[in-house]
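Engineer: Okay, here's what each chain looks like letter by letter:
Number of protein chains: 2
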Amino acid sequence: MPGSLDADFARELDARDPLARFRDEFIVDPDTLYLDGNSLGRLPRRSIERIRQAVEHEWGRQLIRAWGDGWFDAPRRIGAKIAALVGAGDDEVIVADSTSVNLFKLIVAALRARPGRSKIVTDDLNFPSDIYVLRGALELAGDYGLEIVRSPDGIGIPGEALADAIDDRTALVTLSHTAFKSGYVHDLAGITALAHRAGALVLWDLSHSVGAMPIALGEADVDLAVGCTYKYANGGPGAPAFLYVRRDLQGALTNPIPGWFGQRAAFDFGLDYEPRHGIARFLTGTPPVLSLAAIEPGIDLLLEAGIAPLREKSVRQTEYLIALWEALLQPLGFTLNSPRDTGRRGSHVSLGHPDGWRIDQALIAEMRVLPDFRHPDNIRFGVAPLYTSFADIREAVVRLARVVTERRFEKYPRERSEVT
Amino acid sequence: MPGSLDADFARELDARDPLARFRDEFIVDPDTLYLDGNSLGRLPRRSIERIRQAVEHEWGRQLIRAWGDGWFDAPRRIGAKIAALVGAGDDEVIVADSTSVNLFKLIVAALRARPGRSKIVTDDLNFPSDIYVLRGALELAGDYGLEIVRSPDGIGIPGEALADAIDDRTALVTLSHTAFKSGYVHDLAGITALAHRAGALVLWDLSHSVGAMPIALGEADVDLAVGCTYKYANGGPGAPAFLYVRRDLQGALTNPIPGWFGQRAAFDFGLDYEPRHGIARFLTGTPPVLSLAAIEPGIDLLLEAGIAPLREKSVRQTEYLIALWEALLQPLGFTLNSPRDTGRRGSHVSLGHPDGWRIDQALIAEMRVLPDFRHPDNIRFGVAPLYTSFADIREAVVRLARVVTERRFEKYPRERSEVT
Chain Y
1 MPGSLDADFA RELDARDPLA RFRDEFIVDP DTLYLDGNSL GRLPRRSIER
51 IRQAVEHEWG RQLIRAWGDG WFDAPRRIGA KIAALVGAGD DEVIVADSTS
101 VNLFKLIVAA LRARPGRSKI VTDDLNFPSD IYVLRGALEL AGDYGLEIVR
151 SPDGIGIPGE ALADAIDDRT ALVTLSHTAF KSGYVHDLAG ITALAHRAGA
201 LVLWDLSHSV GAMPIALGEA DVDLAVGCTY KYANGGPGAP AFLYVRRDLQ
251 GALTNPIPGW FGQRAAFDFG LDYEPRHGIA RFLTGTPPVL SLAAIEPGID
301 LLLEAGIAPL REKSVRQTEY LIALWEALLQ PLGFTLNSPR DTGRRGSHVS
351 LGHPDGWRID QALIAEMRVL PDFRHPDNIR FGVAPLYTSF ADIREAVVRL
401 ARVVTERRFE KYPRERSEVT
Chain L
1 MPGSLDADFA RELDARDPLA RFRDEFIVDP DTLYLDGNSL GRLPRRSIER
51 IRQAVEHEWG RQLIRAWGDG WFDAPRRIGA KIAALVGAGD DEVIVADSTS
101 VNLFKLIVAA LRARPGRSKI VTDDLNFPSD IYVLRGALEL AGDYGLEIVR
151 SPDGIGIPGE ALADAIDDRT ALVTLSHTAF KSGYVHDLAG ITALAHRAGA
201 LVLWDLSHSV GAMPIALGEA DVDLAVGCTY KYANGGPGAP AFLYVRRDLQ
251 GALTNPIPGW FGQRAAFDFG LDYEPRHGIA RFLTGTPPVL SLAAIEPGID
301 LLLEAGIAPL REKSVRQTEY LIALWEALLQ PLGFTLNSPR DTGRRGSHVS
351 LGHPDGWRID QALIAEMRVL PDFRHPDNIR FGVAPLYTSF ADIREAVVRL
401 ARVVTERRFE KYPRERSEVT
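Protein sequences, first through last, are from chains Y and L.
Residue numbers are given in this note's numbering: position 61 of the first sequence equals residue 61, and the series is strictly consecutive.
Residue numbers are given in this note's numbering: position 360 of the second sequence equals residue 360, and the series is strictly consecutive.
Don't take every hint at face value.
Since copy identity is lost for identical chains, a pair holds within one copy or between any two.
Below, computed lysine to any residue pairings styled on SDA-like, alpha-carbon distance capped at 20 Å [claimed, not checked]:
#1 81 with 308
#2 119 with 199
#3 119 with 272
#4 119 with 271
#5 119 with 309
#6 411 with 332
#7 81 with 336
Keep in mind the hints are simulated off the structure, nothing from the lab.
Computed from a predicted model, the values in this text were never measured in an experiment.
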């Protein structure tokens, strides 16, 4: 094995990593190599205490008084912190609902703001659930065509393909900034400008970017965005999502699911809906406070580390992973199903193999390596630069190679059993 | 003070209470008289351990493996337990989103199932947020009139008024089973039958009933229902809500916010939405797992106690509260703003007073009694029969009387400051 592939080299990279100390901020089980922080981020140690306080002190002792003492304002307060991660103003982001529900709200709001236009543009790298929600919204919002730009290779989308699709009939362009499967990263500013030149609004799903990728919503003049907080933001399983509406659009857009948390003077209990000022009008019902409280420590850690250093480390780590793939995995039949171009690649790398699903099962069960699997054949390695080490990456690749060279995957089923 | 009003009598009632032991299942701060369990239920001791396990073991150690080991199935599993509280089949209830979002989904689904009809019937005792959601849904779903039946006294709705409103143009009747302000309880079976005779669907909001009132959704042939889990069910602040769809309707209705948790074979990541079988199709996005896990111990306690004994105790407690009102508070200018008729009264009692808001503030700040306040003048006492004692009720009334006789309320502001 050449020097740059051996374990000492990985240890050296870790020793020189300026973010290395953040690993100690998380619960890390030394027996497991966790490379799925882009699906569910690890538990920050500080979150244990924060949740304990929310449960035992706030719910247990303060009871309803806690609404006035932090809970009521939490969606806006934590939203302001997320805003700092995505280049938005602190009054442009709020925590609410799930990513899917937020998408629904903003899609409908956007279509109402672009009457007389007849189509929506997305692509087939978008998260399928986003497309389900989009179709659901279109069924209600009127007579729109949905144009799904196809990726020629399942990895990326040529810029011209989107440019061709976006025209003066387009009401809305909605895309995942970083694609869930390949990790392809769209040109957020360029596509936003393209949409604006055509008179369309743009809505970005930032779920696979936030906390790992630099995002400049304000600078790019982005209209709308949504994202989740349980991946690189380490907010906990299914943690509430966020939504962003550019300041000057907030008063012009309406929330299609108006509820009491978005109501001005909600405690007057009037029967007529009158929206709150600004971003708060996009709230609907009562937020799940315990899951909401759990978000904050993870966001704080990202802000302490800084997005630029996180991105720098993430790039070095995915480059390292690709170098290891080239040396050790490509010869075993693995393909690189993520962009080779660093500028177009997010913080995860998908490796394809005809026996991908069986290999994935063996890797988890026999090697204690936890990647994710994405249909049909992608073993997806997430690099969470706050806590993933270079040693983790090297060891995971070495064990993945062993699963194949030792034929350990052969006893596992070829097909995933279906969830009913 | 006559014997039936003194402290010994209350203690005797508590000593004979067959549900008294359940109080020890909750964190109870002896310094505070908590009579707002109908807004936010107390913290069950078991929930502390359950949440700790969800955080430290499941999120911290199992990480994504926990999805297959309980998380993914939790909405259905906990839904089945809630079903037992509301007289539904265990495949007819699922935990999802907030009450408002669930209402939106089921309103739109119901309207699609009743094409050609032109109006929706509700009443002005309904929770205002439900009416905001209803209006939001109607803006999207087409050309419907909204008929809001008015209460003549702010307390109840005469049966004839609803019977007059529900006709063959009615697509949907949607009401709160127990009214949030007065505690009035609708005749669930009677109104459901009335709606069905007119060919309309019915959707009940059970938020102020579940865990305190007997509800027989199946027996009454109810079509649709929603409800929250953070009041009498003690699920924690903003805990995820639930929705019910009668078994034979599940396949016929469509979820207007289709998302990956409602998708068949979601991990195939196909771009076409194909709903899961049964109630699961009404799921949308990823549920907030920590808040979801927190629900279960509270539900278990209700199932252990049994709804019939809980209702029996609740009736005795609200009767006792009304007797105390009559003796001690009516002479001080308090009105009973809840139904006197036990059969039409839920588990909370609203007492009106021209200085209600100032009295409420004094009661909390100086007397450590926590009721709730509902505009314009209602001090609302919630009886949560799992943990409210007769002594709590008596002592709260005595302290309320003192706030007035000692003129302690006079230094507090007359107007509630507005939330922006």
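Engineer: Taking the earlier hints as the rules, which of them does this structure contradict?
Structural biologist: 5, 7
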